[in-house]
Every structure is written in structure tokens, then in C-alpha cells.
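Put together the whole structure using the sequences plus the hints.
Protein chains: 6
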Amino acid sequence: MPIVELHLLQGYDDGVKARLGKGLTDAVRFVLPAAPEAVTVMVHEMAAANYYRGGEMRQPAPALPDPTRIVHDYLSAMERRDLPAAQAMLAEGFTMQFPGAAPMTTLEELIAWSKPRYAFVRKTYERFDAMPGNGGAIVYCFGTLHGEWLDGTAFEGIRFIDRFEIAGGKLIRQDVWNDMAEAKAQA
Amino acid sequence: MPIVELHLLQGYDDGVKARLGKGLTDAVRFVLPAAPEAVTVMVHEMAAANYYRGGEMRQPAPALPDPTRIVHDYLSAMERRDLPAAQAMLAEGFTMQFPGAAPMTTLEELIAWSKPRYAFVRKTYERFDAMPGNGGAIVYCFGTLHGEWLDGTAFEGIRFIDRFEIAGGKLIRQDVWNDMAEAKAQA
Amino acid sequence: MPIVELHLLQGYDDGVKARLGKGLTDAVRFVLPAAPEAVTVMVHEMAAANYYRGGEMRQPAPALPDPTRIVHDYLSAMERRDLPAAQAMLAEGFTMQFPGAAPMTTLEELIAWSKPRYAFVRKTYERFDAMPGNGGAIVYCFGTLHGEWLDGTAFEGIRFIDRFEIAGGKLIRQDVWNDMAEAKAQA
Amino acid sequence: MPIVELHLLQGYDDGVKARLGKGLTDAVRFVLPAAPEAVTVMVHEMAAANYYRGGEMRQPAPALPDPTRIVHDYLSAMERRDLPAAQAMLAEGFTMQFPGAAPMTTLEELIAWSKPRYAFVRKTYERFDAMPGNGGAIVYCFGTLHGEWLDGTAFEGIRFIDRFEIAGGKLIRQDVWNDMAEAKAQA
Amino acid sequence: MPIVELHLLQGYDDGVKARLGKGLTDAVRFVLPAAPEAVTVMVHEMAAANYYRGGEMRQPAPALPDPTRIVHDYLSAMERRDLPAAQAMLAEGFTMQFPGAAPMTTLEELIAWSKPRYAFVRKTYERFDAMPGNGGAIVYCFGTLHGEWLDGTAFEGIRFIDRFEIAGGKLIRQDVWNDMAEAKAQA
Amino acid sequence: MPIVELHLLQGYDDGVKARLGKGLTDAVRFVLPAAPEAVTVMVHEMAAANYYRGGEMRQPAPALPDPTRIVHDYLSAMERRDLPAAQAMLAEGFTMQFPGAAPMTTLEELIAWSKPRYAFVRKTYERFDAMPGNGGAIVYCFGTLHGEWLDGTAFEGIRFIDRFEIAGGKLIRQDVWNDMAEAKAQA
Chain A
1 MPIVELHLLQ GYDDGVKARL GKGLTDAVRF VLPAAPEAVT VMVHEMAAAN
51 YYRGGEMRQP APALPDPTRI VHDYLSAMER RDLPAAQAML AEGFTMQFPG
101 AAPMTTLEEL IAWSKPRYAF VRKTYERFDA MPGNGGAIVY CFGTLHGEWL
151 DGTAFEGIRF IDRFEIAGGK LIRQDVWNDM AEAKAQA
Chain B
1 MPIVELHLLQ GYDDGVKARL GKGLTDAVRF VLPAAPEAVT VMVHEMAAAN
51 YYRGGEMRQP APALPDPTRI VHDYLSAMER RDLPAAQAML AEGFTMQFPG
101 AAPMTTLEEL IAWSKPRYAF VRKTYERFDA MPGNGGAIVY CFGTLHGEWL
151 DGTAFEGIRF IDRFEIAGGK LIRQDVWNDM AEAKAQA
Chain C
1 MPIVELHLLQ GYDDGVKARL GKGLTDAVRF VLPAAPEAVT VMVHEMAAAN
51 YYRGGEMRQP APALPDPTRI VHDYLSAMER RDLPAAQAML AEGFTMQFPG
101 AAPMTTLEEL IAWSKPRYAF VRKTYERFDA MPGNGGAIVY CFGTLHGEWL
151 DGTAFEGIRF IDRFEIAGGK LIRQDVWNDM AEAKAQA
Chain D
1 MPIVELHLLQ GYDDGVKARL GKGLTDAVRF VLPAAPEAVT VMVHEMAAAN
51 YYRGGEMRQP APALPDPTRI VHDYLSAMER RDLPAAQAML AEGFTMQFPG
101 AAPMTTLEEL IAWSKPRYAF VRKTYERFDA MPGNGGAIVY CFGTLHGEWL
151 DGTAFEGIRF IDRFEIAGGK LIRQDVWNDM AEAKAQA
Chain E
1 MPIVELHLLQ GYDDGVKARL GKGLTDAVRF VLPAAPEAVT VMVHEMAAAN
51 YYRGGEMRQP APALPDPTRI VHDYLSAMER RDLPAAQAML AEGFTMQFPG
101 AAPMTTLEEL IAWSKPRYAF VRKTYERFDA MPGNGGAIVY CFGTLHGEWL
151 DGTAFEGIRF IDRFEIAGGK LIRQDVWNDM AEAKAQA
Chain F
1 MPIVELHLLQ GYDDGVKARL GKGLTDAVRF VLPAAPEAVT VMVHEMAAAN
51 YYRGGEMRQP APALPDPTRI VHDYLSAMER RDLPAAQAML AEGFTMQFPG
101 AAPMTTLEEL IAWSKPRYAF VRKTYERFDA MPGNGGAIVY CFGTLHGEWL
151 DGTAFEGIRF IDRFEIAGGK LIRQDVWNDM AEAKAQA
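Protein chains in written order, with UniProt numbering: chain A, 1 to 187; chain B, 1 to 187; chain C, 1 to 187; chain D, 1 to 187; chain E, 1 to 187; chain F, 1 to 187.
No wet-lab data here; the hints were simulated from the structure.
One thing to keep in mind: the hints can contain errors.
For identical chains, the list gives no copy identity; a pair is met inside one copy or between any two copies.
[Unchecked claim] Mimicking EDC-like on lysine to aspartate or glutamate, the simulated pairs with C-alpha atoms at most 20 Å apart in a straight line are: (1) LYS115 - ASP151; (2) LYS123 - GLU148; (3) LYS170 - ASP82; (4) LYS115 - ASP73; (5) LYS22 - GLU56; (6) LYS22 - ASP129; (7) LYS22 - GLU79; (8) LYS184 - ASP129; (9) LYS123 - GLU56; (10) LYS123 - GLU156; (11) LYS22 - ASP175; (12) LYS115 - ASP82; (13) LYS115 - GLU156; (14) LYS115 - GLU79; (15) LYS123 - GLU79; (16) LYS123 - ASP175; (17) LYS170 - ASP14; (18) LYS170 - ASP73; (19) LYS184 - ASP13; (20) LYS184 - ASP151.
From a predicted model like this one, the values you see are computed outputs, not experimental measurements.
Written out as C-alpha cells, the structure is:
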């Protein structure tokens, strides 16, 4: 039965409102055992001239980008080695943790590190999970890797998972786990 | 500025309302760039006699357990090898995916599989991430493993991540990634 | 989907709130094609100290009696010829219209008029319909009559319908239609 | 003092909202002894993009026709013997109960039954009463009949009442009472 | 934390809504020790077709003029001796009380009274304070007077305060205090 | 028609809520020409566990004292020369402005200044006007003075007005105007 009312300044497009409608429904169903159709969300929009804090009008800030999209775009840029595009998505202080590597902070380091390990790698995604966290967003994605070892033999079906932290629309941390060492050990 | 009003049947304890208050705040901040103190949540509670759907009164269903707690309890039971306790937390159709293993469905299988791999293992958690998903909850936890190999040498600092799906308060799927193979390869 | 919120002063019992919950649901479904379970009613109660009109507190007035009950009680009193009880339920200016009779205003008139028509009559109710109207309530009830003619022969299954107007908890008008003349003509 | 708030999807015309405003006011005044001007109804409309159930948008369904109008149109069509128009307003399973007749289900039956009883009949309405009921609407109308007997003599002032049940915008049941037999008996 | 929601018929311009937003914020902060930014006001506007009292639509009345502006305009008209303009702002029954004078009711009286006292006087305002009161508005303004005595010598810095009562947009009472006698005594 | 809803943390007594109810009604009527009984205020109270800002619970702060009472108490203490009581009501930085005097900051100064002017003085109040202002409250009071000159002759009916600014429950500024000089000049 829970009913959620969200009061919002006018000016967000339907996609933003749909993300809010979905997110608030999920937030309720995370705690209460309500069937989906038992959770109602109503978004009440107000003109700026109808909202006052401390007696002053306020302006709506632009909505945040979808963090799943940010991660997806970043991983695509890396796969096609479009380093400028990827670099533009990194926040100041970005760090990466890959299996068996020391923490890295630049894409150049990462590429140098991967060079002796495989010729190329592509991701097949099973699923993205995104949630609010750490004052921004946390995104997980997992699935399998396929590609080519340095000797030209192909590999596929190697499980991986990536975890990203996003703040202010930029990536600030990436953690990677996968079964590459396991695959090599079994090879 | 967003203000969220949640209308709820009476009878949930303060902990449940705090989880809802936090979750709804996060859901808004996931989409809108509002500072935390700019997001207000008001929970309006109603006696059952004050709420009608189709002209009929409804009763509140008990809140769902905190999925982070479920995962934490399960992993603790497994560490201390309390199989009955762990077993009680598994849903019908539970499956596990560990690195380099075929999918497993019983705890006995898992124990048999791990026996030739290490003497014991303990987890140090860096963080739990939980979110609504798949009609239930998804929980990630990650950190490092320490323990003993079969030859009695100790290991520590091996990165791991676990992903769980929970439905109806029970675990239905576990996926595990870690750097054990990497650690062995480097040893 | 319609959601109805009713703001009310505290102090009405659950029966009153259930009548309001049902009535508001019906009022919505009278105009909109919503399934019953798609119409939600929330009753928000306030202490008198939380409600101000013109800056002044107000006290809740007692709920009105159920008009169906009033009509039922009146007709029962008449059937058992408890004239004082029936009389007490009539408003100043009460008038009755029976088939083939001039309008009557007193129970004594009614009894005198019925004496040459039948020995006694009892009602079997098929249904009561009640609704707001004329600043008060309107109640219809219909079903069949059974009883005895003056010559001692029994009758039954004679269709009737009564219409009542109620104001201030008292009956102000009664209109009666039935098939008695039809039955006699066919006899 | 009661205040009613109705949350509704956008798209209903002012006539529909006025019917809802009136109906909700009546529903409150049916239970609480509030003066009309003490009952406030506010209709809050939302764009479809601002309303979510189960996280999904919904579309508003067209409002139901006014049941009083349906009955009025049906009775007019019957008076002028426009059988196709009248027939189109009947639901599957429609039944009629007239004084002294067996239940009838077709207009042809009704016309055959009335032919030996009067040349024609017209209704003068005193009042229509309509209310929600039986998952649809119930309409009463009453007043007097005038017309011509088969022998060409005129009649007038014969009281009648009709009761209709409406579902899905169509008539499903009609019950008729009147003083025709009484009038004939007195003639 | 207090949140104020104001439900209003549509049609007031942004200036009116800003005055309401400011006034409601002040009204809360007059009683509760909330920081300004902790008080939120939301104005919910409704089309006339969405608001019913006693089941009837209502039309919005024009907003009241800002009483500070009325007082300011009146005092300006008096300073430039535009008596018709000033007169037009006075309610029936207007009375004035000046220091050392009997109550006066006409502008002609006032001018006659002031003639033997000074050649002219101008006001420098420090501040206007306006508030609801006596079913209308009360406005205070204070500051200093400058001008010329009858003998042609200038004066300045003489403190004054005026108090006005306003009803229906017109001045009904004026009370004046100042240090003119003090200034003369010290001269 | 305006309807005001105030959402508040639980714990304020009825007197505080009545002050809020009155103040919000006045704030609306200051701008809109609504009859008093056309303005409704509903106070919705919430337990602390039902209110979250930034996902955190908040506690209600004690209501502010009535500023009219503060002024009244201060002026009474001064009349009976209870300097410690009066002193306790002054904020750091308190200043006073009396007719024909330089600004003063201590009660001792004030008493020294008044000594050569009159033997004693008492106030008869016509009215107090209080309003929010300058982040606190502004209080006006006016009426007449009576007392005794130094030569023992009595005076009465001398008009006065005091203006106070209050912040944090303490007096920060007092401005006084009166007709004492006028009275002396006329004597």
C-alpha cells in the first residue's frame, strides 16, 4: 500500500521523472514486502515561483546523468582504445585496482600493464547494478571476457566483475576481479 | 529541495522507518544533485482503520529483513562451518558460482570442492553494498581473504568480492570472484 | 489509480471511518472506471488543537446515524404497531404518499386508512439503497409483502418499494408503491 | 471542516471533475453533519509521466457516462418507440419486472405485453436519484404517467417509479412500480 | 524543519506568491527557532475547476495591495500636497492623531493645523514594518523629518513614527509621534 | 479558500500550535482578501522517527517565547525599578533611543537621564503589535503615560509609543517616542 509523494521543482524531463518513480518504488520495496503494483509514486511539480526556502525562490539543478550509462561509455571507450574519451570521464584522484597489480592512477599505466598479458579483450555483460552510495553512485557490472592471448589463441567465457564509484558524474574508483589467472592456471 | 512524503500503515518500528528514510533520500540523490540536507523525507503513518483500498481495510505486512544482515550472517555461518544455520538461509533453487568451478547447488558440494584448495579461509570486509533488484535485494561485499593453505602456510590480503541475490528473505544466488589463482601463480 | 485523502478532526470511531472510506470509494467509482482495488482512501485525523479555521480551533460534531438503519427501525416499529417509537422518528412536517390515497401526515391517519384494506402486512426486503440527497439522505427499500387480507386469506410475494427522505436524522417524506391493486385485480 | 484531496491523472474535462467534486462532497455529508460550505474538495491532477504504480506509468481511462443521462435517454427512446436506440443501451442479460407481469428480457416482449393495456404512455419526472451500487450505478426515477387507455380516454397523474441497475454503461435490470391497477380499480 | 503547503486557486502573479511565501516563512519563524533555510513553503495552485466548496466551484478574489505601498503613496501625496490623491486613499471614518492636537478627520483640518507650525516637512524613512491586524493591515514607518520652520530656518534629523491601520485597501487611522516639541524646546 | 498545511515535529504544546495557527492565518489574510472562516490551517505532527533530512533524524527545538510577553515583562520590571530582572532581558549590544537624548546602552544611564525629568511614570497600554522581523521579532506598544513631575504635580494622558527589536528571546533595541515635550510646552 505505500504511497510516495515527491515534491519537485518543475523542469525535469519525463526520463528523469521515470528514473525517480522507479527508484522510489525500489527503495520502498527494499524494506517493505509490497507487490510492485501496490506501490504508488506521485510526482508533484512546482514552478520556481511556487517554492520558497527561507522565503527565497530556488532554481532546479540539472539532473544527474545515469551512472550505468557513464560506466558503459567508459568501458566502450577503453575497449576501442579511445583514451581521450575515456580520460575525460575520470575524476581527479581516480584509482584502479586490477587483479595482481599495484593500484594504478593513469590509463597509460593500465595499458602498459596489460600489454604483456593479452592482445585484446572484450566484455559481454550479463548485468549492470547501480545504486546510490558514498554521496554519489556505485555501479557494478559483470559478465564474461573474450579476446586473444599474446600468442594469438582466443579465449572466452572468463568471468569478470567491475565495481565503479562515481561522484559529480565522473569515475573516481574502479575495482576489477576476474578469472584470468584461474583460466591460465587451468590452461 | 526535493521533499518526499511516504504514507504507511502504522506498526513499523523506528529502525524500519529509518531504513525507509535513508533509502528514499538515496533514491532521490541518485537522480538529482541535491545536498543531503536538502532532501526531506516525512513518513505519515495511518492506523489500519484509516486506510482503505477498494473500500476495504488492509493490514501491514512485516518489514523485510535487512539484506546486508542476511548476507553477513550467512557468511559467518559458513566461516564457522555451521552448515545447518547456513542451509536455513538458502532458498529453493540456490546456486553458487566460484572461480574455476562448475556451478554448485549444495553446501556439501562447496565444502568438498574447497577441501583440496585451502585449510581455512576468513574474510575481512571492506564494504557491503545493497540495493533493490530482481524483485528482491542484491548484496555485494568485498574485502580481503586470509587463512591457511593446505601446507600450513598462511595467506592474507587476497582480494575477493561476493554478489548475492535475495528473494523472500533467502539467498537464491551467489557469485564469487577473488585473486586466489593470481596469488598462487605469483607464489 | 485515484487516491483520496480525507482530513478529519479526531474522535470518530472506526465504523464511521469505514463508512467514509466506503462512501468516498463509491463516489470515485461512480464517475471513473477504476477497479475497486485501484481506489485508495487515506483518512488523516487531527487533534482539535491542530486544526484552525479563521485562526480558531473547532470541535468535531457527532457523526450522522446510518440512514438505512433509521428506515429499517421505523418500518419495524410500524410492523409491530409500536406507534410511539415510530412517531419519535418523524420530523416536523412529515408526509406520506400511499397508492390510491391522499397524502397523509399522521400515523393515526395511516392506520385508519389501512384498516379496511388488510388485516396485517409484513415486509421481506430484497435490498436497501441509500444515498446523500436534498441536504440529507434518501433511502429506497424494496422487496415483497406478505400478510392477510381482511377475510383471513393470506397473501405473499406482492412487490413493494418505499422511498424515504431523511433530514437531521428524522424521516420527512415517505413514498410507497406496490402491486396490491394489481394483486386484487388478478384475484 | 472535512477536506478531501483527490489525486487524479490529467485529462478529465471540467464536467467530470465537477461530478467528482459534487460526489465526494455528498459522500462526506452522508456521514458527517457538515454544512455544505464546510466541505472542501481539491482535485490534484498529474501528468501521466508523474504517476507510477509498480514503477510503471499508467494512462487515464475515459470517465464513465452519467447514469442519469443513460436512463433518461433510454426512457425517451422507449416513449418514442425507437427500439434500435433503446436496444443499444441494454446489457447482455437485461431483465425487466413490470407490475403484474412475469419477468421480461426483450423489448419486443414488453411491447407485446403493453399493447392490450394502454394506447400510449408518457412520463413526467419529479426526480432522478442516482448512486453507486453493485459495482456500477443504480438510478431511480419517479413522477407521474399520462397517456391514453385503449378506449381513447386520457389518463394522467398516475404515480410511477422505475429502478435501474447499470454496469459498464449499459442497463442490466429495470424494476417498475406504478398505480395503474389502482387507477383502473378506482375508475 | 517546518514545511508549509499552501493550496490556492490559480491566477495570482509571482509577486503575490512571493509575498505569501515570505509571509508564511516569517509566521513560522515568529514562533519556532528555525533557520531561514530550514523553512520550506510550497504553493500548490489549482484551476477553479479543481476546487469545490459545498460541491460548488469558486473564483479567486484579487490579491490585496501591499499595505506598505499604500502608506508610502499616501505620505508622498501629502508631502507634495496632492490632496485629491491622498483623499482617495482614506476610508470612511478616517481619523488622525498628531502630537498636541485634538483628533482630526479631514485633510483640510490637518493642513490648517500645520500651517502655523512649519513651512514644510519631508520624511526620510528608516524602515517600514507591516503586519496583519484588526482584520486588515497595520503599518508602522519611522525615520527623521527635515524641512523649514516658519521663520525660514531649516531643521533636520527630528525623529518621527507613524502608525496606520488599513482596511479594504484604505487608511482608517493614523497616529503620529515625533520630537518636534523636543526640538523646539531645545532650540 | 486558502488551505495551509504545516508539517511539524511532535512535541509542541497546544499554545504553540495555536500561535502558529493564528499566525499562518494572518499571513494569508495579509495578502489575500479571504474572510477568516475561509482560511483553514492544518498542523500535521510527526514523531522524530518519521522525519529525515539528509537521511538523518532531527529533534524539535523549543518554541520561541511570545515576544509581546517579553516586552510586557521588561516594561513592568522597569516601572517597579527591578533593574536585575530588566537587565537579564537585554541582549549584548542593546541600545535605547529616547526623545531628546543621545543613544544609551545601560539601564543606569537611562535612570540617570530620567531623574531630572520626572518623579515616576507609569504606562497604560492601548495595544501591542508584534510581528516577525530582522530575523527575530519586532514589538510595538503604545498608549498613555501618567505619573508625577519632579515638583509633585501629576500628569496623565501623555501619548507614547515604544518599538522593540528582539533576537534570541532578548531585547536588542528600543526606540521611544512620546508627547512629554509637547505636554511641557503646553503647560
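Can you give the numbers of the hints that this structure goes against, from lowest to highest?
4, 7, 8, 9, 11, 17, 19
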